[in-house]
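Residue numbers (our numbering), protein chains in the order written: chain A, 1 to 250; chain B, 251 to 514; chain C, 515 to 843.
Mixed in with the good hints there might be a few duds.
[Claimed, not checked] Calculated lysine to any residue pairs in the SDA-like style (CA-CA distance at most 25 Å, straight line):
{"#": "1", "chain 1": "C", "residue 1": "570", "chain 2": "B", "residue 2": "339"}
{"#": "2", "chain 1": "B", "residue 1": "341", "chain 2": "C", "residue 2": "564"}
{"#": "3", "chain 1": "A", "residue 1": "174", "chain 2": "A", "residue 2": "186"}
{"#": "4", "chain 1": "C", "residue 1": "570", "chain 2": "B", "residue 2": "452"}
{"#": "5", "chain 1": "B", "residue 1": "341", "chain 2": "C", "residue 2": "761"}
{"#": "6", "chain 1": "B", "residue 1": "350", "chain 2": "C", "residue 2": "571"}
These are calculated hints, taken from the structure and not from any lab test.
Single-letter residue listing:
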Amino acid sequence: MSIVLDGVAKRFGTAVVLNGVSLEARDGETLAVIGASGVGKSVLLKSVVGLIRPDVGTIQVDGELVTELRRQDLYNLRRRVGYVFQFAALFDSMTVEENLAMGLSRVPGLSLAERRERVAESLRLVDLEGFGAQMPGELSGGQRKRVGLARAVAIRPKYLLYDEPTTGLDPVTKTVIDRLILRMREELGVTSVVVTHDMTSAYRIADRIAMLHAGRIRYLGTPDQIRASDDPVVRGFIDGRPELMQEPVT
Amino acid sequence: MMKVITGAWRAPAAWVGRSAVGTAAGMGRFGQFLAGIGHALTDVRTWGPALVAQMGRIGVASLPIALFIAAFTGIVLALQASYTFTGAIPKYFVGVLVGKTMLLELGPVLTGLALAGRVGANIAAELGTMRVTEQIDALETLGYDPLAHLVVPKVMAALIMFPVVVAFANAMGIVAAWATALNLLDMTTPEFVRGLRLFFVPFDVTYSLIKAASFGLAVATIGCFFGFTTWGGAQAVGRSTTQAVVLSSMVILVLDAFWAVTLL
Amino acid sequence: MSMSNEVRVGAVLIAGIVLVVVGTIWLQGWRIGREDQLVTAWFREVGQVQRGNPVKLRGVHIGRIEEISLDAGGSGVAVRMSIGSDVRMPEDPVVLLSMESLFGDWQAEIHSRARFPLYDYAVSPEPDGIPGYSLPDMSRLTAVADRIAENLAVITDRVDIAFTDETALNIREAIDNIQRVTGQLTALVEAQEQTVRDVAVGLETTTETLQQAALSASRTFSLIETAIADGQLASIVGNVDRLTAQIDTLSSALVLVSRDMGGVTESADSAFASLHAIVSALDRGEGTLGLLLQDTALYRDLALTSSLVQDLIRDFQRNPRRYINLRVF
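Here chain A stands alone, though its shape is the one from the complex:
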């Protein structure tokens, strides 16, 4: 089972954001989607869980057509998908523990004790034991991201979607997060899609890397392949040379 996008297009007003994106994240792999800011990476990721409905194209997750699902079935599917937000998106009126328990209270057949156990286990997984009673406002940026990750994995998802997990962090914290992403795959066996513009991170965590450019997948390959690519747009992005990426938009 996997995540499959086929010919997905989305426009906001007159701005075409996605223009026929086809992409597959295979079972058990970590797929990184790279691209410049504002190129539509987050839109792509939100489309996968049905937060944004594409104008054209289909999206399959775990064998179900997200674009066709009825409301309740969509909520059921989301219990199998963990979503890690760019700025963690913690509920700031709740403690860390309550944040983690939010998703769990939607999982049927879990006792209160089991839920507590799951919360503690998830916090341990991101090395934040003892932070349960803190409010999100008291945490640093890196800690918040880890809580966001813990909240996403607390429901034991089959799929994990990361939206810019390392953006705005110092190099050391970045490494910590990257290791956590790797650990999730090892310990939980999840299929992951990581949206990022941080190449160091992408090389470190991804099995394959897809480059989103001008509303389409410009390039798809392993980290080694992309490093060796001579596509000017890919090179321009990797090496940080915008002049290479200038080309007439057709």
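Given the coordinates of chain A, work out where chains B and C should sit on it, guided by the hints.
Relative to chain A, chains B and C alone:
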């Protein structure tokens, strides 16, 4: 045909067209939003537990400002009524004017406008912030219908608590006017009470509460809508808040006229 | 925190509901915990009376009007009033509806029928129902007064037409003549003072009798008043109408008469001249008349006449309608 509209006329024409389309689209989004709320109403398991907390925040916490406004309104009403009635009209008509005006108009409308500022802004800012920090998206990914979890409790709380707050405000206004009549206007309690009762019908109270409930519904729904549909950053939250307050104040006045036409 | 919030919300909610219920009851003027008796009064119509208007007995507020309903037969209105159970009704009670003030608020007053016996009370179809009468309100009184005023204006106009300048001149001339004659008569009377004084005594008696007649007349007028109160204002207006017509005829006659006035005045002039001569002669005690005047027989005749007048007045008192065929004026 289009070629006829040229030069200087193009900009205003485009503006009118854009505004019309924008308004229609906004109405459509609001309609969708209402339909979503209607659907979320069935999810009592989600919004039920949050209701009491929202009733506290929207209703109980609004009592002080509502009572403050009502007290001064009552005082001013009594003084102005006696000023207007000097001479030919008997004094007990101060009671008539205070009772009728407070119940039918000033109690619900002034409270509604004050709460449009306090509650509407609060809701729009809270939901707007949750929207721009992706907390609403986070709720969805955790399997919650954000309308049921965030919007319905606020709308229900406002629907229930606005009439309660207005009832207290009405009572406060009348008591303040009464005290004013006794102390500053040389009236007696029987005189004032006689005026209060003279033209009173129980429908006055019903009318006041119906108005209050409709104002509550409008303020909460509009606040939630603008908060929910915020798009952007901190500035967008500010814009949503302002729009929510302005629109709900306008809607309160329109509803006020609407009820006067349909119910009186 | 959460618990105390729940408590606060619950308390405010309950207090709000209690406030609304109790406030409404209080503003309606309902009395809780006090037994009331319900009485029904019947009316032909009820003017501006509304539910909730006060019920008074001897000016004291004792209850309120609960319900106003048309009788099933359609001929009357039943007004149901709740009044304190300790209130005792007067003998043979009736209910009058009237304005409480000029601002449109009405009241129901309970009276004994003996106090206002003349009103046309509606008859209650129920044995324990109270007869009632609704007093006319300002607008109806004003309308009647308007019609009376109009008719008076018509009369005034017609009188204006009858009395032209010429008539006035003629009348003045006549008055001058009368003044002259009066002067001469005064002189005569002075001469006959003693006789006249005696006559005056007789006249005094007559005056007394006249006073009694006036009393009788005032009683008659009180009857007329009753007629007005009886709601016969319409017939009054009718009479004024008739009177107006009569005055119309009278004034045409007056116009005719005033044309002949010149001749009359001339004849009056010569008559007065002759009278003057006669009076001078009388003064001197000349002629038969002069002698008669000096004679006591005249006095006796006068006294007799006076007593006859007294008899006449007495009869008038007893049978005023024999002499006056009068409805209003």
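Hints, one by one, checked against the model:
no. : hint             : in the structure
1   : 570(C) to 339(B) : holds, 22 Å
2   : 341(B) to 564(C) : holds, 22 Å
3   : 174(A) to 186(A) : holds, 19 Å
4   : 570(C) to 452(B) : holds, 24 Å
5   : 341(B) to 761(C) : violated, 51 Å
6   : 350(B) to 571(C) : violated, 29 Å
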